[in-house]
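Work the whole structure out from these sequences, hints included.
Here the protein sequences line up with chains R and A, keeping their order. According to my numbering, the first sequence is numbered sequentially starting from 1. According to my numbering, the second sequence is numbered sequentially starting from 128.
Errors might be hidden in some of the hints.
Lysine to aspartate or glutamate pairs mimicking EDC-like chemistry, simulated, CA-CA at most 20 Å apart [as the list claims (entries may be wrong)]:
1. R/K127 x A/D309
2. A/K332 x R/E83
3. A/K332 x R/E65
4. R/K69 x A/D251
5. R/K69 x A/D275
6. R/K78 x R/E125
7. R/K57 x R/E102
8. R/K81 x A/D309
9. A/K187 x A/E340
10. A/K187 x A/D240
11. A/K176 x R/E71
12. A/K212 x A/D300
13. R/K88 x R/D116
14. R/K88 x R/E65
15. A/K177 x A/D331
16. R/K111 x A/D300
17. A/K372 x A/E252
18. R/K88 x A/D275
19. A/K332 x A/E268
20. R/K88 x A/E328
21. A/K225 x A/E184
22. R/K34 x R/E98
23. A/K177 x R/E71
24. A/K306 x R/D116
25. A/K176 x A/D331
26. R/K69 x A/E328
27. R/K57 x A/E340
28. A/K225 x A/D240
29. A/K372 x A/E221
30. A/K306 x R/E65
31. R/K127 x A/E307
32. R/K88 x A/D309
33. A/K220 x A/E184
Away from chain A, derived, C-beta distances all over 10 Å, residues of chain R [what the hints assert, rightly or not]:
34. L37
35. H105
36. D116
Just so you have them, the derived chain A footprint on chain R, three or more residues with Cβ under 8 Å [said to hold, decoys possible]:
37. 69-79
38. 121-127
If you are wondering where the hints come from, they were derived from the structure by calculation, not from laboratory data. Idealized CB from N, CA, C, for every residue including glycine.
Residue-level listing of the chains:
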Amino acid sequence: MIKSIIKVIPALAIFLAIVSIPFWMNLGAEEMEKPELPSGMSECIESREYMRINHMKMLDEWRDESVRKSEHFYTNSKGQKFEKSLVKTCMNCHSSQEKFCERCHSSVGVKNYCWDCHFTPEQMEAK
Amino acid sequence: MKFNRGQFLKLTALSAAFGLGGKKAISLIAGNELRAAPGTSSAPAADPKKRWGMTIEMGKCKEGCNECITACHTTHNVPDHGNPKDEVKWIWKEKKSKIFGEQVHPYAEKNGDKPFLYMCLQCDEPPCTRVCPVNATFPREDGIVMMDFHRCIGCRFCMAACPYGCRSFNFRDPRPAIKELDTSYPTRSMGVVEKCNFCNERVDKGNLPACVETCPEKVLTFGDLNDENSEIREILRTRETIQPKTELGTKPSVFYIV
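As structure tokens, then:
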């Protein structure tokens with residue numbers, strides 16, 4: 001009985017080592033660079049917490065509502081009006097795609113295909 | 128660890144009860160609602176009372192003038208791959224025989240197969256929107272046959288369904304093939320169908336489509352077909368107009384004055 005348990009140990013060790021690769025590969029890796037927020041602003045169009053959790057849902061709803069229902073304006077919880085536009089509204093303050101969107105998304109391995117078609121502020125400036 | 132049959136059954140029953148709680152049980156853990164946007168919605172710009180249409184008076188169109196085409200293709204970042212196989216076009220000149228088929232006869236000689244301006248005819252009964260499996264193309268309330276480029280999966284059913292051949296497919300990445308990028312309008316990506324959308328982005332803001340605005344000869348007239356007092360209705364009342372393939376029941380919103 002004990003003999004057979006001992007036999008399993010090396011295989012078990014190899015298995016655990018492989019499974020935990022993501023953890024020890026990242027040991028000592030540099031900490032993720034924090035996204036650069038626009039200076040001199042305290043809040044996005046909704047509260048910071050709300051935007052952190054919901055920005056992707058908001059963008060998804062915005063694109064559906066503006067393209068499919070021709071509803072082009074968003075009224076936030078304070079009653080302020082904003083055009084439902086990634087390029088014209090969001091990127092107007094968050095003026096860098098590389099320093100804002102990309103920093104989080106690339107570190108969590110999410111590819112934003114927004115920029116396959118829409119122009120980033122960097123590209124617009126280069127024009 | 129001891130885990131007997133009794134405990135197992137209790138745990139199973141408990142999780143089953145939790146599962147039956149449905150969304151309420153989930154929100155007990157997950158907390159906040161999965162819907163964004165607390166207060167949204169404004170009056171939609173696509174007015175169901177309107178029906179946008181266009182007349183094209185080919186007699187006024189000057190040979191060799193391509194200003195409307197250039198204006199459209201530059202404002203919408205339409206790529207030019209330089210070969211007919213990969214061609215993408217929103218508005219272009221097409222031989223009359225290709226549009227009106229049997230109505231072209233040899234006795235008209237030079238005039239018989241004159242190139243006509245051609246674009247998506249914005250049908251009232253569009254076959255393309257009926258076959259789209261993902262609703263990426265759909266009829267707007269104001270008659271514009273719209274493309275939601277975000278949603279297109281590139282199956283090209285719409286291209287097969289369109290009897291007018293007014294849709295193009297991006298076989299290649301369009302960005303490198305655009306001579307002059309207009310960053311105020313997005314490009315498309317590879318594997319997406321595109322066509323003329325009657326300049327929905329301009330019409331929503333109360334402007335005329337780019338081609339209509341640019342034409343120096345006033346060949347194109349754009350307006351509301353439901354408004355009896357509109358310029359376009361006056362033209363349709365007084366002039367003789369024809370439309371291609373009306374026998375199909377597609378009811379195009381573009382009319383030709385020949």
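Exercise for the section: Find the hints from earlier in the document that the structure breaks and name them by number, from lowest to highest. Expected result: 6, 8, 27, 30, 36
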